[in-house]
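Asks: As a plain string of letters, each chain reads:
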Amino acid sequence: MDSPHMTVPMDPLCKTIRTEILKISNKCGHGHIPTSFSIIEMMTAVYQTMKHDPKNPNWPDRDMFVLSKGHASLGFYCTLAGHGYFPFSDVYSFGAFDSTFGCHPDRTKVPGAEASTGSLGHGIGLAVGMALGARINGTSRQVYTLIGDGESNEGSVWEAAMVASHQQLANLTILYDNNNSQGRCLPIPNPGERFASFGCDVVEVNGHDLPELIKALKKPHNTVRVVVCNTVKGYGAHTLSDKVYEWHRRAPKADELDMLIGELNAGNF
Amino acid sequence: MRATFRNVVTQLADQDDKIVMVLGDISVYMFKDFWEKHPTRFYNMGILENTLISVSAGLSSQGLHPFAHTICPFITDRSVEQIKLDMCYNQFGGNIVTCGATFDYAWDGATHHAYTDLAIMRMLPGMEVLHLGSKAEVESMIRSQYNNGKPTYFRLSDHPHDLKTNLEFGKGTIFKNEGAPVTVMTAGPILGNVMEAVQDLNVNLVYFHTLKPIDRELIEQFKDTKILVVHDAYGLHEAITAEVPGLRTYYHGLPDAFCGWYGTVHDIRKRIGLDPAGIRAAAEAVLAGGAPAKPVLPASKSAA
Numbered sequence: 001m002d003s004p005h006m007t008v009p010m011d012p013l014c015k016t017i018r019t020e021i022l023k024i025s026n027k028c029g030h031g032h033i034p035t036s037f038s039i040i041e042m043m044t045a046v047y048q049t050m051k052h053d054p055k056n057p058n059w060p061d062r063d064m065f066v067l068s069k070g071h072a073s074l075g076f077y078c079t080l081a082g083h084g085y086f087p088f089s090d091v092y093s094f095g096a097f098d099s100t101f102g103c104h105p106d107r108t109k110v111p112g113a114e115a116s117t118g119s120l121g122h123g124i125g126l127a128v129g130m131a132l133g134a135r136i137n138g139t140s141r142q143v144y145t146l147i148g149d150g151e152s153n154e155g156s157v158w159e160a161a162m163v164a165s166h167q168q169l170a171n172l173t174i175l176y177d178n179n180n181s182q183g184r185c186l187p188i189p190n191p192g193e194r195f196a197s198f199g200c201d202v203v204e205v206n207g208h209d210l211p212e213l214i215k216a217l218k219k220p221h222n223t224v225r226v227v228v229c230n231t232v233k234g235y236g237a238h239t240l241s242d243k244v245y246e247w248h249r250r251a252p253k254a255d256e257l258d259m260l261i262g263e264l265n266a267g268n269f
Numbered sequence: 270m271r272a273t274f275r276n277v278v279t280q281l282a283d284q285d286d287k288i289v290m291v292l293g294d295i296s297v298y299m300f301k302d303f304w305e306k307h308p309t310r311f312y313n314m315g316i317l318e319n320t321l322i323s324v325s326a327g328l329s330s331q332g333l334h335p336f337a338h339t340i341c342p343f344i345t346d347r348s349v350e351q352i353k354l355d356m357c358y359n360q361f362g363g364n365i366v367t368c369g370a371t372f373d374y375a376w377d378g379a380t381h382h383a384y385t386d387l388a389i390m391r392m393l394p395g396m397e398v399l400h401l402g403s404k405a406e407v408e409s410m411i412r413s414q415y416n417n418g419k420p421t422y423f424r425l426s427d428h429p430h431d432l433k434t435n436l437e438f439g440k441g442t443i444f445k446n447e448g449a450p451v452t453v454m455t456a457g458p459i460l461g462n463v464m465e466a467v468q469d470l471n472v473n474l475v476y477f478h479t480l481k482p483i484d485r486e487l488i489e490q491f492k493d494t495k496i497l498v499v500h501d502a503y504g505l506h507e508a509i510t511a512e513v514p515g516l517r518t519y520y521h522g523l524p525d526a527f528c529g530w531y532g533t534v535h536d537i538r539k540r541i542g543l544d545p546a547g548i549r550a551a552a553e554a555v556l557a558g559g560a561p562a563k564p565v566l567p568a569s570k571s572a573a
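Sequence lines, in order, name chains R and Z.
Number 117 in the numbering used here belongs to position 117 of the first sequence; there are no gaps in the numbering.
Number 351 in the numbering used here belongs to position 82 of the second sequence; there are no gaps in the numbering.
Chain Z on its own, in the form it takes in the complex (with noise of 0.2 Å):
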């Protein structure tokens, strides 16, 4: 995902001379060819979140279209205030573009891991929240959406799935729609295990790569169900229940705790329940009446 970014955004700028890059130390031996080609609009700023994204307001003062860059949980739960001040408060649009999604840095343990970052941006007043899933969702979203004088929020990750979806920003997808009493909604490249687990269940199955706006009508047609959240982080539960107040829903994602472990995303995906077989139990308990079960996590040492 991150190459199709730097494809998209490479070609735009060859065209707008508006864009400007602003990179906080991350893929800038990926960007080489946009640094090469538009040397005055690309910056590897250095090691400061915060003032990636004043800057990139500041720049946005001047009719610019920043893109900041850098890694998810550094960049969005350190300058939190900068973006709902300098970027939504003061009106001063821009991209903030992010990889490391969840666990993508699963080996570089619990600082690394990122899953606040969707549920604050969509609380900051004027801000587009995207958790992309797909590279296609990738090119599509930011050209759509870079230019418009509006926050963005878009997420990226290393493991995108390759399903195809509805390519429209705000609009979700029905991936299966079986006149079921249990709807999984899910959104961001979980969508691949979550198709895997439920695709021979008697559920329906709903997708969304753009948190805010969320798409309301879509949530609307499965009202009358239960809804599945499915999720590997916060933000798209808060989403569909705000939006759509009373409907039934259970949360299958996150615990609450420190997914203190390393390995690969998958292992952590496995041993709280986000793998195909994880989900599939909870998909089935809903549909037996009950609710998902919690995953059952090895005790943490205390510290000294």
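One chain only, chain R, in its complex shape (with noise of 0.2 Å):
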């Protein structure tokens, strides 16, 4: 497996996104940067995969993303705006009081969000539900749900596994974001390993490198698929990777939004 670092030039999309979040996180002063980070090419690969009408969010026969780590919700946002939900100017008001954005997201507020998530472990087993009813349903909906390596702590995250692999819900695909966050604590090693020992349909890719993604989220499936995803959290900024934890939930000061972005467009990521 490549490492994650800038084997790939970055997307311009997705370069336009981080620097968006780095901007809207300096205005606001709230936002989980490095977490976001690590998941805009795998968000953006879903939105350039799935059917889904930014002008008509709730289009019935549209596909459905759950962010289950909801803490990237400014990530989130920036990702829908990058796709045409609504302009980035909007997501300006990110943790306001009344703000539509908040710093995790409301699936009554925001155009495109399926699911209110924030509390780890839930959104998963919210998709799995979403699949089955799908299927149930009789309709082709693809339902894809993006989880975090912390997240995985949870239990309630490999209870889900359970039942999509056992209810072989050929209609979900589960992102997992390996960007090693819980290095500190609770580790999970070798995590397609252990989806593929739940009976899931594993595929690993670089999780920055945008054409292999979406090259792995239309590959054909006949269960439950997991992509596991390696990614570095802060990607594409050295100070952000670099200290993982001092910027877990930090807003850049004017000077640091300058460095940050300078650090971006460099590209030497």
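Note that these hints are calculated values from the structure, not bench results.
Being a predicted model, the structure only gives us computed values, none of them experimental.
All the given hints hold, so there is nothing to weed out.
Pulled from the structure, derived: some chain Z residues nowhere near chain R, Cβ distances all over 12 Å:
no., residue
1, R271
2, R275
3, Y374
4, D377
5, I389
6, F438
7, D493
8, A557
9, K563
10, K570
Pairs of lysine-lysine, DSSO-like flavour, derived with a Cα cap of 27 Å:
no., chain 1, residue 1, chain 2, residue 2
11, R, K109, Z, K419
12, R, K23, R, K55
13, R, K51, R, K215
14, Z, K287, R, K51
15, Z, K287, Z, K404
Simulated restraints, written as ranges between beta carbons of each label pair:
no., chain 1, residue 1, chain 2, residue 2, range
16, Z, K445, R, N56, 54 to 62 Å
17, R, I188, Z, K492, 55 to 63 Å
18, R, S140, Z, G315, 25 to 33 Å
19, Z, T518, R, K109, 33 to 41 Å
20, Z, D285, R, N56, 26 to 34 Å
21, R, D98, Z, D536, 51 to 59 Å
22, R, K109, Z, S569, 47 to 55 Å
23, R, C185, Z, A546, 50 to 58 Å
24, Z, Y531, R, C185, 37 to 45 Å
25, R, P9, Z, E305, 54 to 62 Å
Where a beta carbon is used, it is the ideal one built from N, C-alpha and C, also for glycine.
Join the two chains into one complex using the hints; note that each chain is given alone, in its own frame.
Replies: Okay, structure coming up:
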């Protein structure tokens, strides 16, 4: 497996999304930036693969995406903005009283958000129910959920994986953000082997290689598919990836914003 | 009550293809007929209560009407966050139906006793909470509430009463209104014991099967009397006092102790004063101007 560090050039849209995340966080004083940076290509791949209509978020025939690790909401909102759900400028109210865009997503407020998440280990179970329901209804709907490796300390993640496998939910894709967030407490070595042992169809990719991600998402599968995405927290900016704990939940000040955008633009990650 | 639940849901499912059963490895054989008739809408999902709820919420997101069903303490106590967030906060409604109410599984010990469920469910925004006491209530409430898009909690018991009650959702029943100075308020199957205890006493008797929304108008009719809440769980007393502030209430129900004996529900009720004699003594105490006596329980052994 290639190192996820810049083995491919960063997609221009993904760079724009990251830049907006930094600017919004600087303005609003909120944001889990490193965990958002690790999943931008993953979410972009989903939104460039699944059936959806940003001008009609409730289109009945759409596929569905659930961000299970809801604290990456700023990355999620900017990905939705980058795919036409609303302008980036709307997200500059991030975390403000009466804003549409809270620090965890609320499906009743955010166009395109299919579930309200935040407490870890919930979105994946919801996604299993969505996929099962879509199958019961006889629709072709595909359901995607993105979970974190830290989130996967929760037992409910593995309950849901067991059920998805037992029910052979071929319309469900779980994207696993393998960004080593739990190195300091409870790491999950060899996640691909673990999901495979649960009966899932596992593919492992560089989680920052957009074409490779899209190729993996388009690969046919007969049961629940898990895409283990090897990623780097803070991908694209050395300061973030080198000091992930310091930057776990921190907004950049003005000078830090310039520095981080400079690192992002340097393209030598 | 479980057989009534099975019969009603199976009948409804014949006409409504949005009904889906999600079982936690309980009542499986009982639902054999449903399973055979609607195999794509029947899931004995496993012993994983958190996921029973999350999956049910996900089914609801697809326009289906899930019935998550398993043993009371496990799905309510263990899965309260899934109910709170995946169903209530997400507004993915659905039905949670439990068996094993309070001391129904007396012989299994305190791990299987259930008494916090109604109080907890009542606190969750948007939740409907039903402490059903009779088979007729099971039939009526499931039919009226199962597909209204709200999260609804139905609590079943193996020991129903057979008294005739108002079968309208959200409405209570007046069994006795004698202009008495004391009103006994109760809910669920314990009504049988309460009726036996107080039928010849000078008290009013009011009953609820719906704890949320509770029948405020009915409570207010008796606000100038002393109110003795008799309940074999938590939740009713809290509902009454929260809905109508300023009442003079007394709670006669559960002690602040694990009822870690075995035997039957009747054995435990007797020990803690929820048998007819104990309830009568509580009502007489309030009538006499006092408060219900706390039951004297055997001292528990200290863990080594």
